[in-house]
Amino acid sequence: MSSERATSGGLPVGPAGPYAPVPYRVRSRTEETADIATLVLAPVDGAVTPSSAPGQFNMLYAFGIGEAAISISGAPDGALVHTVQALGATSRALFAAPPGSCVGVRGPYGNGWPLERAVGRDVVLAAGGLGLPPLRPLLYRLLAERERFGRIEVVYGARTPKSLVFYEEIQRWRARSDLRFQVTVDAAGRDWYGDVGVVTTRLPDARFDPANTVAFVCGPEVMMRFTAKALLERGVPAEAIFLSMERNMKCAVGFCGHCQFGPEFVCRDGPVLPYARIAPYLGVREL
Amino acid sequence: MSTESPTARIARLEAHEFFRGLPAGLVRAAAGAAALRSYRVGEFLLREGRDAEEFIAVEQGKVALEVFAADRARLTVQTVGPGEVLGWSWLLSPHRWTLDAIASKPTQVVAVNAAVLRERLAAHPEEGYAFLLRLLPVLAGRLHGLRVQLLEADVL
Ligand SMILES: Cc1cc2nc3c(=O)[nH]c(=O)nc-3n(C[C@H](O)[C@H](O)[C@H](O)COP(=O)(O)OP(=O)(O)OC[C@H]3O[C@@H](n4cnc5c(N)ncnc54)[C@H](O)[C@@H]3O)c2cc1C
Ligand code: FES
Chain A
1 MSSERATSGG LPVGPAGPYA PVPYRVRSRT EETADIATLV LAPVDGAVTP
51 SSAPGQFNML YAFGIGEAAI SISGAPDGAL VHTVQALGAT SRALFAAPPG
101 SCVGVRGPYG NGWPLERAVG RDVVLAAGGL GLPPLRPLLY RLLAERERFG
151 RIEVVYGART PKSLVFYEEI QRWRARSDLR FQVTVDAAGR DWYGDVGVVT
201 TRLPDARFDP ANTVAFVCGP EVMMRFTAKA LLERGVPAEA IFLSMERNMK
251 CAVGFCGHCQ FGPEFVCRDG PVLPYARIAP YLGVREL
Chain B
1001 MSTESPTARI ARLEAHEFFR GLPAGLVRAA AGAAALRSYR VGEFLLREGR
1051 DAEEFIAVEQ GKVALEVFAA DRARLTVQTV GPGEVLGWSW LLSPHRWTLD
1101 AIASKPTQVV AVNAAVLRER LAAHPEEGYA FLLRLLPVLA GRLHGLRVQL
1151 LEADVL
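Residue numbers (the working numbering), protein chains in the order written: chain A, 1 to 287; chain B, 1001 to 1156.
Next comes chain B alone, as it looks inside the complex (with noise of 0.2 Å):
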C-alpha cells in the first residue's frame, strides 16, 4: 500500500466491511500503518505460535483457519472471506497467534501494524471502545458456530 496515496488507503480501508463506520481518525491511523499483502494458494498468512504483529483484514479471497495436533491431520476449522478479519491474538497479551492461517484461493489482506493500532485503541477510549464493539462479534460468531457444533454432537 506504501505506493498508493494517503487517501486511497483511507478509501480501502472506508470500503471494508470491517472498518466502514468506525470513527475517522482511527480509519486514518490504521490506513496510515497499514500494507497490502497478496497470498498464492497454499500461502500461510500466519503461524500458530508466532508473534502476532498485524491486524489482517482480507479483502479478496478465502483464508482457511487451521489447528493442528501432533496426532492428527491439519484440521480447517473455518474460512475467512472479503469484508472479514483474522482474529484477536494481536489485541491480547502475549499477542502470539493461537491458530495457523492458509490462504485457499488467491488472497489479498490489509495488514494493520498491531503495535500501532493498540497504541491508538489504548490512546483513544472512544476509538478503543468503538473499534472492540466491532470486534467483539467476530469473536461471537466463532464461540456461536462451536456451540452449535457441540450441540449438534450431542456430548453435553
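This is chain A alone, in the form it adopts within the complex (with noise of 0.2 Å):
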C-alpha cells in the first residue's frame, strides 16, 4: 500500500526525524561501465518518492559505512534513480548494492537547474564525465516541454568511450531531430568512430544564438571552467551561464559549513550556481 510521506519544510521524514535516512531498496542496478553503475530505489516502506526538481541531489547512506551526496538521474516524477562511480569506501558499497539491498535516503537538497530561465531561449547542455546524470532529468523535462524552448544542444564529454554512461539512450537522443547531441571523448582506440577531443572542442560545432542562449553545464571543475570561457568567448552572457559545483558534504541543509564555495554553500544555495557569481572563485581572474 502506498502513502504519502509527511514532510517538514519540503524534506521527506523518516522514521527517527527529518535529517535521518528512509529505507529505499534497490530494485533494479545497471552497470554503466567497470566503476559506474546506476541504481532505480523504491521506498521499503511503498510510500511515494518525493518529487524532486532537475539538479537536485539526494544523500545516500550507505549501511554501517558513510553517507555520499549523489544526483538525481532519473525522470523528475518517475522512480528514484541514482548513478554512483565508485571512488572512496561509501560510493563503492553503492555501486556494489545489489538489487535488493536497502540504502538509506535523505533529501532531495539544493536547488536544480533554473528551467525557466531557458523559455523562449536556445539551450546548451555541455556534461563532461558524470556531469551527464545530473543534467538528464532536465533534458527529460526540456524534451517533454520541447515546444518551449528553442534550439537544445547537447555536448557531452568522457574519457574514452568505455567511460561513456547512458549509452543506449544517447543513440535514441542522437536520433532524434528536435536535439543535437554530440559525443566526445579525449582519447580512443581503431573501434571508435566518433568525436575526439575535450568538450570544448565540440562547442564550436553547436548552433545556438549566443545572445539568445542559456548553458547548464555540469562536469570535473576545470572542464566547466574552460567550457564557461568558451561560451563567453562565443557572446553568451555570464548570467546565462550556470554550473553544478561539486563540495563535501555532511548535513546537505546548510548547517555544517562543509560544502562552503565562497560565500555560498554549494547545499543550500546551489549546487547550481550562476557563473556570474561563482567566477572569482573558480580561479577566474577575470569577466
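There's no promise every hint is true.
As the list claims (entries may be wrong) - Every beta carbon over 10 Å from chain B, so not counted as near; a handful from chain A, in silico:
| id | residue |
| --- | --- |
| 1 | P114 |
| 2 | E169 |
| 3 | Q171 |
| 4 | S177 |
| 5 | R190 |
| 6 | V198 |
| 7 | V222 |
As the list claims (entries may be wrong) - Stretch by stretch, here's where chain A covers chain B in the computed footprint (C-beta under 8 Å, at least three residues):
| id | region |
| --- | --- |
| 8 | 1073-1084 |
| 9 | 1137-1145 |
Simulated from the structure, these hints should not be mistaken for lab results. Remember, predicted model here, so these are calculated numbers, not experimental data. For glycine and all other residues, C-beta sits at the position ideal for the given N, C-alpha and C.
Mind docking these for me? Both chains are given alone in their own frames, and the hints should help you get the complex.
So, in C-alpha cells, the structure goes:
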C-alpha cells in the first residue's frame, strides 16, 4: 500500500526525524561502465518517492559505511534513479549495492537547474564525465516540453568510449531531429568512429544564438571553467551560464559549512550556481 | 582539382573556414598548388615520420589523429572535421609528420603543395603573418585540450 510521506519544510521525514535517512530498496542495478552503476530505488515502506527538480541531489547512505551526495539522474516524477561512481568506501558500497539490498536516502536537496530561464531560448547542455547524470532529468524535462524552448544542443565528453554512461539512450537522443547531441572522448582506439577531443572542441560546432542562449554545465571543475570561458567567448552572457558545483558534504542542509564555496553553501545555495556569481572563486581572474 | 577551372579552385578554398578572409593573392597561390583528394574509411592521409609535403584542409568527413607507441594500442587523440586543417609539421623544419592521420569517415580534403606555400609565405611576409594568425589557434586549441586533460587527470 502506498502512502504520502510526511514532510518537514519540503524534506521527507524518516522514522527518526527529518534528517535521518529513509530506507529504500534497490529495485534494479545497471552497470554503465566498470566503475559506474545506475540504481533504481523504491521506498521500503511503499511510500511515494518525493518528487524532485532536475539538478537536485540526495544524500545516499551505505549502511554502516557513510553518506555521499549523489545527483538524481532519472525523470523528475518517475522512480528514484541515481548513478554512482565507485571512488571511496561509501561510493564503492553504493556502486556495488545489489538488487534487493537497502540504502538510506535523505533529500532531495539543492536548488536544481533554473529551467524557466531557458523558456523561449536556445539551450546548451555541456556535460563532462559524470556530469551527464545530473543533466539527464533536465533533458527529459526539456524534451517533454519541447515547444517551449529554442534549439537544444548537448555536448557530452568522457575520457574514453568505455567511460560513456547511458550509451543506449544516447543513441536514441542522437537519432532525434529536435535535439543535437554531440559525443566526444579524450582518447580512443580504432573501434571508435566518433569525435575525439575535449568538450570545448565540440562547442564551435554547436548551433545556437549566443545572445539568446542559456547554458547548463556539469562536470569536473576544470572542464566547467573552460567550457564557461568558451561560451563567454561565443557571446553567451555570464548570467546565462549555470554550473553545478561539487563540494564535500556532511549535513546537506546548510548547517555545518562543509560545502562552503566562496560565500555560498553548495548544498543550500546550489549545487547549481550562476557563473557570473562564482567566477571569482573558480580561479578566473577576469570576467 | 586539376579538372576544375582556376576560378572554381579559388572559390573552393575561399569557402573553406580556414582560408576564408585570407589575402586574395595567397588564396590564389594556394589554389594554384592544390589537389582535391578523397579517402575511404581506414585509409591513411599521412603517416608519422614521413615527409610533410602538403598542407591539408578537410572539406568533408572526419580524420582521426593517432599516436602510436610500440607497447600500446593506437590511440586517437583528436578528430578533425570539415573546415579544419591537419597540423603544422609541413611548415616547421624538418617537415616530418609527428602523427598518423586516418579517415574515420569518407573524407575529402584539399591538399596544398607545402613547398609552394612555404615559399609564398616567406616571400610575402604580410600574407605569412595573416596565415600564421590562422594557424596559431589550431596549435593553441591542441595545447588547450592537452592542458584540460592534464588538469582533469589531477597529475599536476
Ligand atoms: C551535489 C553533488 C552531486 C553529486 N552527484 C554525484 C553523482 O551523481 N554520482 C556520483 O558518483 N558522485 C556524485 N557526487 C560526488 C560524490 O558525492 C563523491 O564522489 C562521494 O562523496 C565520494 O564519496 P566516498 O566516501 O565514496 O569517497 P571519499 O572517501 O570522499 O573519496 C575517496 C577517494 O576518491 C577521491 N575522490 C573523491 N571524489 C572524487 C572525484 N570526484 N574525482 C576523483 N577522485 C575523487 C578522493 O580524493 C579520495 O581519494 C556528487 C557530489 C555533490 C556535491
Ligand atoms: S553540507 Fe553542511 S552546510 Fe552544506
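Each hint, compared with the structure:
At roughly 26 Å from the closest C-beta of chain B, the C-beta of A/P114 stays outside 10 Å, upholding its exclusion from the interface. Listed as outside the interface, A/E169 is consistent with that label: its C-beta sits roughly 23 Å from the nearest C-beta of chain B, beyond the 10 Å cut-off. With a least CB separation of 17 Å from chain B, A/Q171 remains clear of the 10 Å interface cut-off, as annotated. With a cut of 10 Å on Cβ distances, A/S177 stays outside the contact zone with chain B, its closest approach being about 20 Å.
The Cβ of A/R190 does not lie farther than 10 Å from every Cβ of chain B; its closest approach is about 6 Å, which violates its non-interface assignment. Against chain B, the non-interface label of A/V198 is violated: not every CB pair exceeds 10 Å, the least being about 5 Å. For A/V222, the non-interface assignment is contradicted: its Cβ lies about 4 Å from the closest Cβ of chain B, within the 10 Å cut-off. With a threshold of 8 Å between beta carbons, the proposed coverage of the region 1073-1084 of chain B by chain A holds, since 8 of its residues qualify and at least three are required.
Three residues within the 8 Å Cβ limit are the bar, and the region 1137-1145 of chain B against chain A gives 3, so the coverage statement holds.
In summary, the numbered hints that this structure violates are 5, 6 and 7.
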